[in-house]
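Okay, here's what each chain looks like letter by letter:
There are 2 protein chains.
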Amino acid sequence: MTLIWPLTHIFGIVLMGFSGLMSTALAVSFLAEDGATAAFLNGTLATFTLGLLMFGSTMHVKKEVRARAGFLLVALTWSLLPAFGAIPLVLQLPGLSFTDAYFEAMSGLTTTGATLLSGLDAMPASINLWRHELNWIAGMGIIVFAVAILPILGVGGMQLYKAETPGATKESSLPPRIAQTAKALWVVYAGYTVVCILCLKLAGMNWLDAVCHAFAAMSLGGFSTHDANVGYFDSVSIEVILTVFQLAAGINFATHFVAVRKLTTAPYARDPEAKSFLLLVLGSCLLAAGVLWNQGVYPDYWTALRYASFNLVTIATDCGFANADFGQWPILVPLWMLFLSCISTSSGSTGGGIRMIRTIILVKQSLREFHLLIHPQSVTPLKIGENIIGNKVVMSVLGFIFLYFISVVSLTFVLMFQGLDFVTAFTAVIACINNAGPGLGQVGPAGNYSVLTDYETWVLSFTMLLGRVQIFSVLILFVPEFWRK
Amino acid sequence: MTLIWPLTHIFGIVLMGFSGLMSTALAVSFLAEDGATAAFLNGTLATFTLGLLMFGSTMHVKKEVRARAGFLLVALTWSLLPAFGAIPLVLQLPGLSFTDAYFEAMSGLTTTGATLLSGLDAMPASINLWRHELNWIAGMGIIVFAVAILPILGVGGMQLYKAETPGATKESSLPPRIAQTAKALWVVYAGYTVVCILCLKLAGMNWLDAVCHAFAAMSLGGFSTHDANVGYFDSVSIEVILTVFQLAAGINFATHFVAVRKLTTAPYARDPEAKSFLLLVLGSCLLAAGVLWNQGVYPDYWTALRYASFNLVTIATDCGFANADFGQWPILVPLWMLFLSCISTSSGSTGGGIRMIRTIILVKQSLREFHLLIHPQSVTPLKIGENIIGNKVVMSVLGFIFLYFISVVSLTFVLMFQGLDFVTAFTAVIACINNAGPGLGQVGPAGNYSVLTDYETWVLSFTMLLGRVQIFSVLILFVPEFWRK
Ligand SMILES: [K+]
Ligand SMILES: [K+]
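If you read the protein sequences in the order shown, they are chains Z and V. Take the first sequence: its letters are residues 134 to 618, numbered as in the numbering used here. Take the second sequence: its letters are residues 134 to 618, numbered as in the numbering used here.
What the hints contain is simulated information worked out from the structure, not anything from laboratory work. Where is the CB? At the ideal position from N, CA and C, for every residue including glycine. Possibly wrong hints are sitting among the right ones.
[Stated by the list, open to error] If you want the footprint, here are the derived chain V segments under chain Z, 3+ residues with CB under 8 Å:
| # | region |
| --- | --- |
| 1 | 458 to 469 |
| 2 | 488 to 499 |
| 3 | 526 to 534 |
| 4 | 546 to 556 |
| 5 | 601 to 611 |
Chain Z with its partners taken away, still in its complex shape (with noise of 0.2 Å):
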């Protein structure tokens, strides 16, 4: 296939800048002392030679891919990746095999934030710096992949956005405007992050906890540097910036991106996923907690208000980071948590899972088959604000609904396969195809993913790539179709 000599340029290149950032948890490691340099050392040396090799044997072949193999990119980038990430895991931590190492890596790869470590606290800084680096990189990959391909590809109604990228037309390679939007983004996106660093540091973290929480807020991932997560710090102040961070993290980047730019709030009013998003989010935080008040989980509201709101947008939004066991809370609470995480992040956002734009076309859709059964005739398009969203787009993003039910259904019962309960084998599939981090269960916010088997972690790596690359862009390439001329 003539595809392969582009491809692996393409991925000799995204090697040497991945070698790029694990040099400076290396220089981390070397700085602190901290005893793990020899791993960063041996897994930079590792990546950086292969990535040059790679790219230097195939120079001279014509670099053009045609949209199409952009599926073939991202599925090889974001499922080979974490190979490369996990050496420096895997050398450090003696007990660990490659198969956990490997998910690690692909839980941070894919901001999913899932962990099967624990004595995180005791960690050598650089590995915890790695783990978050790897949130925080994969962020940035999400936000162009979002904001640049999926719109190109049209997977899922996300062709929709086409128009915010001018110049890309279909089939064609890559226009140039695409790595002029991305640098505007990631512009904000570090942006942001540098502030949000500032802030955790105000609110009395050390340098390294606000690096490393400031990562996984902004990219939605959700590790974390201690075992008992954020509630390590116990600090309303911590959680209320996280908070803050987090919803601003699942909002599309090219709104913040225009607010920034204009200094303005205008263009948040203008976004109907960001109205619905703050809307269900904040409105779910106040009924929650009245939940938890009124069955006695904690004694007044403002204390079930601080919880119930700190872990329900954080699960939300796909981050995961927990200060409190939701698992023990009344069910209710926490499967609805579940159901949110599901549907609340924007496109262009970190966040995972449908997103909201798919769910707003989703319920007019609904509404839509209403008014034709009382008025068969009538032709009613499917407005979003002033936008008419065509058919094409309204039966794509249905797809890929049905696409990602079919997935949740099919794989709990992969996992229950070797026995696992349902309870965990379904959340932990929820939990790993929106790239959120806990579920319920053995894998909820107290317990951690590496009670699972390794046939069971295996099938969670690859149910978190799946939700990363929204679902088509792994299964097309199981299609026959896909490799014919």
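Starting from the structure of chain Z, add chain V with the ligands where the hints point.
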């Protein structure tokens, strides 16, 4: 509203007919001297009198009703009739509340077959017969509803079948041809029932059991005259007979009609639903038996196949008999059975759930999305056999399936509100919305719906109704637009 008088008139006729049905149970009670005569006499008289009053007082109103009123008639009939069906139960069984009696009658009239009675073996013969008559008459109602009414109302893509009832025009009064179609289908339904009764009698049942179980099998209602359900008989031949007739009842009766009239099996081969249904269900039996045998639930493959087949077929067809406590099996198998109960049965059968035609359209639409991703410019219609399915129908179908999922999710939350556990709540909703019968957890085949609170019982009565009238037909009544001129 001018609708009220014609609807009163029609419902008066329905009530008088219903009292006629009740009088057969009265006759049996009288002949068998089973002690329930007074209950049925009072029930029959009350129902008939009210029906006559409603009918008589509205003799002179204009009878023509527009198609839109069909929604109201369907919802009214199916929600009020159980109140009348409950009368003999309340009068005869002193401990039974109206809530529970209404649930039992709704369960009968939606062919759900979920029961909250126990001590069935010692019940008066006429009470058991009455429960099964509710099943059987509902089966008739469902067939005419599915074949004649739904295509005209255009619910959830069922306008697909409009061609089958020529003469039906949108928004006009119901065409005379419907009566003719319905009669033909009922002859087939009644004929199959008679054959089933004879087979069951030959296999060793007494007449009452044979009639009741044939009624329950052909209507896919699943009531039994024994607390141990079909396990009471412990007879392979009875299980085989019931399996065959349940599979038959899961196929479109229009297909049966053509097959019977032409004395050929060709129509089954041409029916895309029948083929997929039989392949999926019978293939699942073989696999499920393998799992049960492999996990050591049964000592040999044949015993495993016996129990797997009977219980899987009965749940997949939404009948809901049982001859084993499948709640104790490895959870994979009963969950797969519940999944099949959502998608397997044919339109125009007496089964419930999403229906196979919609499953097929969903699968084909998903495949079409992949095709469109690979060839964005292509125009590929969705075809089933030779027929092209228009986008409007596809979107109706997708809309239906969503509403189905949303209903399952919301009703599960509503049930859990009073603290019902997740597995019981979720599987009870699935079992009731599919009109299948037993769920898992507390409402499993060894359990009983009597453990539920009044609140939960009413929620599930509504769930059964919602599933039976294909969701849209009830929910549309809550759309303000419906009530506008
Ligand atoms: K996450
Ligand atoms: K049933």
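Here is what the structure says about each hint:
1. 458 to 469: holds (count 5)
2. 488 to 499: Answer holds; 3 residues pass the 8 Å Cβ test.
3. 526 to 534: holds (count 7)
4. 546 to 556: holds (count 7)
5. 601 to 611: The restraint on the region 601 to 611 of chain V holds, since 3 of its residues have a Cβ under 8 Å from chain Z and three suffice.
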